[in-house]
Amino acid sequence: MSQTKSGPRDAAAARRTTPSGIEIPAVATAAMRRHPDDSAPGEYPFTRGIFEDGYRGRLWTFRQYSGFGSAEESNERYRFLLERGQTGLSVALDLPTQCGYDPIDPMARSEVGKVGVSISNLSDMEVLFRDIDLAKVSTSFTINGTAAIIFAMYLAAADKAGVPRAKLTGTIQNDILKEYVARGTWIFPVRPALRLVADSIVYANQESPRFNPISIAGAHVRDAGSSAVEEMGFTLANGLAYVDELLARGADLERFAQSLSFFFYVHMNFFEEVAKFRAARRLWARLMKERYGARTERAQQFRFGVVCGGSSLTAAQPYNNVVRVAVETMAATLGGAQSIFTCAYDEAFQLPTEQSAELALRTQQVIAYESGIADSVDPLGGSHYVEYLTDEMEVAIEGVIQEIADYGGVVKAIEDGYLQRRIARSAHERKSRVDHGESVVVGVNRFRNEAENKQVGEVFSSSASTAEEVVRKYEKIRDERDGAAAARALDTLDKAARDHGENLMPYLVDCCHAYVTVGEMVEQLKKQWGEFVEPVKL
Amino acid sequence: MASQLQGKRILIAKPGLDGHDVGAKVIALALRDAGAEVIYTGLRKTPDYIARVAAEENVDAVGLSILSGSHLELVKLTAEALKREHADDVALFVGGTIPRGDWDALKASGVDCVFDSEMSLEQVVDEVARRLA
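Those protein sequences? They're chains F and E, same order as listed. Counting with the working numbering, you get residues 1 to 538 for the letters of the first sequence. Counting with the working numbering, you get residues 1 to 133 for the letters of the second sequence.
None of these hints come from the bench; they were simulated from the model. Treat the hints with care, since some could be wrong.
Restraint ranges, calculated between C-beta atoms of paired labels, are given here [to be verified]:
(1) E:GLU57 with F:GLU450: 37 to 47 Å
(2) E:ARG84 with F:ARG433: 23 to 33 Å
(3) E:SER3 with F:GLY250: 55 to 65 Å
In silico DSS-like pairs for lysine-lysine, Cα to Cα no more than 27 Å straight-line [stated by the list, open to error]:
(4) F:LYS537 with E:LYS45
(5) E:LYS107 with F:LYS412
(6) F:LYS160 with F:LYS476
(7) F:LYS537 with E:LYS8
(8) E:LYS8 with E:LYS45
(9) F:LYS289 with F:LYS412
(10) F:LYS473 with F:LYS537
(11) F:LYS160 with F:LYS136
(12) F:LYS160 with F:LYS473
(13) E:LYS83 with F:LYS526
(14) E:LYS107 with E:LYS45
(15) E:LYS83 with E:LYS8
(16) F:LYS527 with E:LYS45
(17) F:LYS412 with F:LYS160
(18) E:LYS107 with E:LYS76
These numbers were taken from a predicted model, which means no experiment stands behind them. All C-beta atoms, glycine included, are put in the ideal place defined by N, C-alpha and C.
Let the hints inform the model, and build the full structure from the sequences given.
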């Protein structure tokens with residue numbers, strides 16, 4: 001590789017790298033490119049985006065994450081956001097729902113309705129979407145451990161509302177692998193959990209072809225402390241593991257590959273963030289085509305949504321976060337994101353208020369409609385620096401994928417705790433760099449203003465009676481449902497689970513229609529499969 | 001700081017269902033670097049379990065990591081469980097996403113110190129060392 005002359009100055013002092021460790025040239029030139037890539041937008045390997053007309057044809061989806069307390073409270077918030085121009089709903093679920101515990105379970109104590117809405121049975125799902133047309137709204141569920149069950153419940157709710165399943169649009173996160181690594185809402189051991197993911201993808205492809213049955217997420221790995229390169233490398237490796245599992249279950253590559261989508265964080269190093277998306281888009285297309293032989297463009301394309309904010313936000317001087325989120329949103333659009341969630345500036349320390357949530361949405365609208373960023377496709381394409389970084393990131397990301405393959409694959413790396421330890425170490429290093437001022441965080445380790453470091457805004461609190469109300473409704477449904485039908489549905493599910501070749505989704509949908517609860521389905525499956533044993537070695 | 005916490009035994013625990021464990025692990029690594037013997041519980045432990053381990057392992061301090069907003073309840077339950085195990089003489093620390101407005105309430109239920117994510121690892125280690133001195 002060519003190096004610019006730096007003269008007698010200390011080379012080490014002049015050397016700069018991105019947070020992922022990619023060498024930054026003082027001036028990038030065309031000669032630094034690794035290989036020519038003259039592909040146009042919408043053309044393999046899609047470096048410049050998956051659409052020929054970029055955002056001209058359609059803007060990205062503005063998707064805000066919300067939902068808390070009871071289904072009634074969340075339903076009210078959704079209708080508030082839809083009225084204000086939001087174009088997609090995002091459902092946050094409480095931890096008992098995410099971990100498969102009913103609201104009365106001792107493990108659910110003090111967590112019901114806390115970080116999201118409690119959905120324990122079909123009745124909750126019906127209330128959540130009351131007066132919202134499921135055929136018209138695109139809904140995204142952040143759920144993983146119980147994703148197959150919640151998806152089954154959404155289908156059952158559509159059935160009951162008379163909405164054809166084929167009309168449903170949205171996404172279910174359903175990415176269990178990263179839960180073992182970074183987010184922690186695993187339930188079952190890795191292999192049966194992978195089966196549930198594959199079953200739900202295949203079933204969604206047949207029943208609700210416009211619904212994305214998985215969103216393979218690097219966001220949590222990143223927020224936990226890994227670099228942009230690790231974020232993309234771990235996530236693409238997980239994506240490949242799902243592809244392998246689906247192929248092993250006999251699924252059709254061309255069909256399922258077009259329903260895979262991804263989800264990432266955007267942090268503050270602007271150009272590295274733009275480049276990581278361009279690099280991953282090219283690499284994924286190449287892997288799908290060269291490794292698996294995907295022929296159709298839809299099966300080669302890398303589609304993704306992003307979160308702007310997360311751990312790049314600070315509790316100190318929280319209004320600075322408004323600026324961070326705006327910069328990150330610009331990086332996401334220049335990287336070609338299909339949907340964007342902007343964090344509220346107060347999310348580093350509390351649930352957003354209506355005022356801060358609205359400002360987060362307005363941030364996207366200002367960028368979309370005032371900045372001109374959406375007018376020309378991939379406006380940074382051809383920039384020497386961005387193309388150089390794209391090339392370098394691609395090589396580095398592929399290196400991480402290879403490292404995991406060399407270890408023995410994702411499943412082994414998770415069962416051994418290898419990936420978990422690697423992330424903890426990266427997080428420890430990142431924290432040390434901030435502590436020592438090597439990474440600048442304005443208002444925290446540079447330009448502190450002690451007088452301003454008090455929290456602003458009102459604190460939103462979910463009503464204290466929410467949990468009691470949720471439990472009361474839960475008990476009412478259990479009393480009123482046809483107990484024999486519920487028991488039969490659960491028994492049939494149990495039998496189906498014993499046959500490894502059987503797709504469990506229709507049985508889960510039947511359970512939902514019979515008002516079997518999330519906790520009951522999970523308990524039934526735990527009897528067969530057991531639970532994941534967490535490697536706790538540091 | 002390599003030996004500030006030499007000879008101290010510290011339990012780092014994740015009560016409740018919150019799955020965000022990286023902060024807990026980073027603190028555990030920092031305390032270990034400072035010489036402490038650190039036990040990490042893993043995810044989803046009940047307050048009773050945490051108190052039992054604290055008593056059985058005869059630790060000097062318990063650090064709870066909570067990012068789910070359930071800190072007031074979970075800390076109170078853990079403090080009560082420690083009392084039942086006659087382990088309420090151990091120092092109790094809490095970290096995670098804890099609004100400033102809740103710090104006093106946590107201290108009233110027996111917490112010695114609350115850490116936020118913007119404190120440096122040195123500050124955390126120094127504070128733990130000061131409390132255990």
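A quick look at each hint next to the structure:
1. Between GLU57 (chain E) and GLU450 (chain F), the C-beta spacing of about 39 Å keeps the proposed range 37 to 47 Å intact.
2. Range check, ARG84 (chain E) to ARG433 (chain F): about 42 Å between beta-carbon atoms, so the 23 to 33 Å window is missed.
3. Under the hint 55 to 65 Å, the C-beta atoms of SER3 (chain E) and GLY250 (chain F), about 59 Å apart, fit the expected range.
4. Pair hint LYS537 (chain F) plus LYS45 (chain E) holds up; C-alpha atoms about 16 Å apart against a cutoff of 27 Å.
5. The hinted pair formed by LYS107 (chain E) and LYS412 (chain F) fails the criterion: a straight-line CA distance of about 43 Å is larger than 27 Å.
6. Taking the CA atoms of LYS160 (chain F) and LYS476 (chain F), the gap is about 20 Å. The hint holds against a cut of 27 Å.
7. The suggested pairing of LYS537 (chain F) with LYS8 (chain E) holds, with an alpha-carbon distance near 19 Å, which does not exceed 27 Å.
8. Between LYS8 (chain E) and LYS45 (chain E) the alpha-carbon distance is near 22 Å, which keeps this suggested pair within the 27 Å criterion.
9. A distance of roughly 26 Å separates the Cα atoms of LYS289 (chain F) and LYS412 (chain F); the hinted pair therefore holds under the 27 Å criterion.
10. A distance of roughly 41 Å separates the Cα atoms of LYS473 (chain F) and LYS537 (chain F); the hinted pair therefore is violated under the 27 Å criterion.
11. Simply put, LYS160 (chain F) and LYS136 (chain F) have alpha-carbon atoms about 16 Å apart, close enough for the 27 Å limit, and the pair holds.
12. With a C-alpha separation of about 19 Å, the suggested pairing of LYS160 (chain F) with LYS473 (chain F) holds against the 27 Å cut-off.
13. The suggested pairing of LYS83 (chain E) with LYS526 (chain F) is violated, with an alpha-carbon distance near 34 Å, which exceeds 27 Å.
14. Our distance criterion of 27 Å between C-alpha atoms is met by LYS107 (chain E) and LYS45 (chain E), whose separation comes to about 22 Å.
15. For the hint pairing LYS83 (chain E) with LYS8 (chain E), the CA-to-CA distance comes to about 21 Å; that is within 27 Å, so the pair holds.
16. Distance hint between LYS527 (chain F) and LYS45 (chain E) is fulfilled; the C-alpha atoms sit about 20 Å from each other, no more than 27 Å.
17. Proximity of LYS412 (chain F) to LYS160 (chain F) is assessed by CA-CA distance (about 42 Å); at most 27 Å being required, the pair is judged violated.
18. Taken as a hint, the LYS107 (chain E) and LYS76 (chain E) pair is honoured in the structure, with Cα atoms around 10 Å apart against an allowance of 27 Å.
Of the numbered hints stated above, those contradicted by the structure are hints 2, 5, 10, 13, 17, listed in ascending order.
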